[in-house]
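A.B. asks: Put chain C on the given structure of chain L with help from the hints.
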Amino acid sequence: MVNKEAFAGTLESGDILIQISPSEEKGLHIELQSTVAYQFGRQIKQVITETLEGLDVHDARVMATDKGALDCTIRARVTAAAVRATGKDVWKD
Amino acid sequence: MSSIKDRADLIKQAAAQMGKETYKGTSTKAQLPRTEYQKSSPKIATLEEAIRKSGLKDGMTISFHHHFRGGDKVVNMVVDKLAEMGFKNLSLAASSLQDVHAPLIEHIKNGVITEISTSGLRGELADEISRGLMDKPVVFRSHGGRGSAIRNGDLHIDVAFIGASSCDPLGNACGFSRSENAKSICGSLGYAIPDAHHADKVVVLTDDLVEYPNTPSSISEHLVDFVVVCDSVGDSSKISSGAIRDTKNPRDILLAKQAAKVVINSGYFNNGFSIQTGSGGASLAVVKYIRESMLEKGIKASFALGGITAHMVKLHEEGLIDRLVDVQSFDRAAAESIMRDPNHREVSAISYASADEPSSATHFLDIVILSALEVDVNFNVNVLVGSDGIIRGAIGGHPDTAADSGISIVVCPLLRGRIPCVVDEVTTLITPGSTVDVVVTEYGIAVNPGRPEIMERLKAAGLNIVTMEYLRDRALSVIGQPDPLPFGDKVVGIVMNRDGSVMDVIKNIKE
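Just so you know, the protein sequences line up as chains L and C, in that order.
If you count the first sequence from 1, position 49 lands on 49 in my numbering, and the numbers rise without skipping.
If you want my numbering, it's the 1-based position in the second sequence plus 1000.
Chain L extracted, bound-state conformation (with noise of 0.2 Å):
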């Protein structure tokens, strides 16, 4: 459950910026920003589906903003925002 804002990232050039919020709504709904997003935007948004959903976050807000970061860079952005966000350490547990 996502129950605060986090962010974790930078706008560094082959990095993304992850920002995720509460949503009243259900659902995950990404808002995206890319210098890429011509090419890479739909594989983008499914890594950053996947990993939440992957993480039991199926509610949020995101906000992303990317810089043509790689998969794996995402993943990790979005894993290190979400346990921001949710309180719950994925590492740990």
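Note that these hints are calculated values from the structure, not bench results.
Any given hint might turn out to be false.
[To be verified] The list that follows gives simulated cross-link-like pairs (lysine-lysine, DSSO-like), each with its CA atoms no further than 30 Å apart: (1) 1507/C / 45/L; (2) 1257/C / 67/L; (3) 67/L / 1490/C; (4) 67/L / 1248/C; (5) 67/L / 1507/C; (6) 67/L / 1510/C; (7) 1053/C / 1039/C.
Values in this document were obtained by computation on a predicted structure and should not be read as measured data.
C.D. replies: What follows is chain C alone, placed relative to chain L:
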């Protein structure tokens, strides 16, 4: 004895035979001190007067050079004035356009400018044009190709507007000023020289009107019709950062070291060789490593061509490069060197890189080191259109130097962020793969199968030789398969080959 009166009949006869008048004795003697006379030179005019007197009409072609790069003030100043004077449907033939030319967007929307030809586009203007701002596609040419087109009439210039850092009242113009009042400096005026030679009318704009004779000059007085004095023709600090800075980027250093090894083992690195490099971080670093090898092996270069940078000036001053041949000074150090050093020679775009000019310098170039936005598995290179379909670069001398040099080496990282630089097919074809010999990436070096002798030499030197297909797959394994770009059906750009044929078109990108 025969007096001139006695010869009068013979003079009349000679004149009649030649179809000429006889001399009427109307010569007058100049009396005004010549320094005074200069001030009333018939060529001195305001910008508006020069435009009116030039005979410019709607629909005609005006031209500009880009030696001030991001600091250029001439294009915007002149086109603003033309708009104010009510001109329409003008064709703008620039040697290149930069971010600073975004104000052209309004002039395009208002119908002042309806056609553009250039080497490149950047920034907002490039963005808007990529999305379909103009009805007529922009025509892109290489620097050598533009020179050829101007000379053979494919690109006829009605009025050339040439920014110069010094000019005398008769029109002798330079990209630097020897006076104490120098306001700007851009060095070589190489791209403006074909315009000066072939335009119907030539207007020089200068921010330092100096005393006659401003010689040696880049542009000679006999080519110039009007001289316009203005506050500033360009901000020289924006030509480049100015200082020599060695890249600290470890990937650039790795690429540079690999590229230097390619050069040294290519078979072309012999005493008296000639070389051209680009201005990117990796290209500049290559020069550093080549220099070490030149010192170690006692090899000297006959000339460096380009695109001259402070790095090349340094090697020249150390005695490692005999001559510098300069179509465009890439930084202040290069611009100052061309002013004081007779062995640092300016060259026109035609003598630099035109395919149909047998004496052009590229034809005598051994080694060229180039960059790329994309290279494909067939060695084709794109340096103009980004992988997002937006125009963001310039053809420059890329295809000219690749084709004419003994060995062309393209240096580029495998990925820029998530954008692959090695692809299946380039977004836009700029330099044909048949003219590209070696591609250097941080994941290995690919050699064009058309150059087996180079492949053997590099293998013998122990370099990591791979195929383009391997590099492409390596990129895809990291980034995944990119989605196709949302191109529309409108042609926004036409890419000319340097031989004057149409090589590719650029389609608009949809929102």
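A.B. asks: Against this structure, judge whether each hint is valid.
C.D. replies: Taking the hints in turn, this is what the structure says about them:
1. 1507/C / 45/L: This hinted pair holds, its Cα atoms lying about 27 Å apart.
2. 1257/C / 67/L: holds, 28 Å
3. 67/L / 1490/C: OK: residue 67/L and residue 1490/C at ~29 Å, within 30 Å.
4. 67/L / 1248/C: Holds. Residue 67/L to residue 1248/C sits at ~21 Å (cutoff 30 Å).
5. 67/L / 1507/C: holds, 25 Å
6. 67/L / 1510/C: Since the Cα atoms of residue 67/L and residue 1510/C sit roughly 21 Å apart, the hinted pair holds (cutoff 30 Å).
7. 1053/C / 1039/C: Since the Cα atoms of residue 1053/C and residue 1039/C sit roughly 19 Å apart, the hinted pair holds (cutoff 30 Å).
Violated hints: none; the structure is consistent with every hint.
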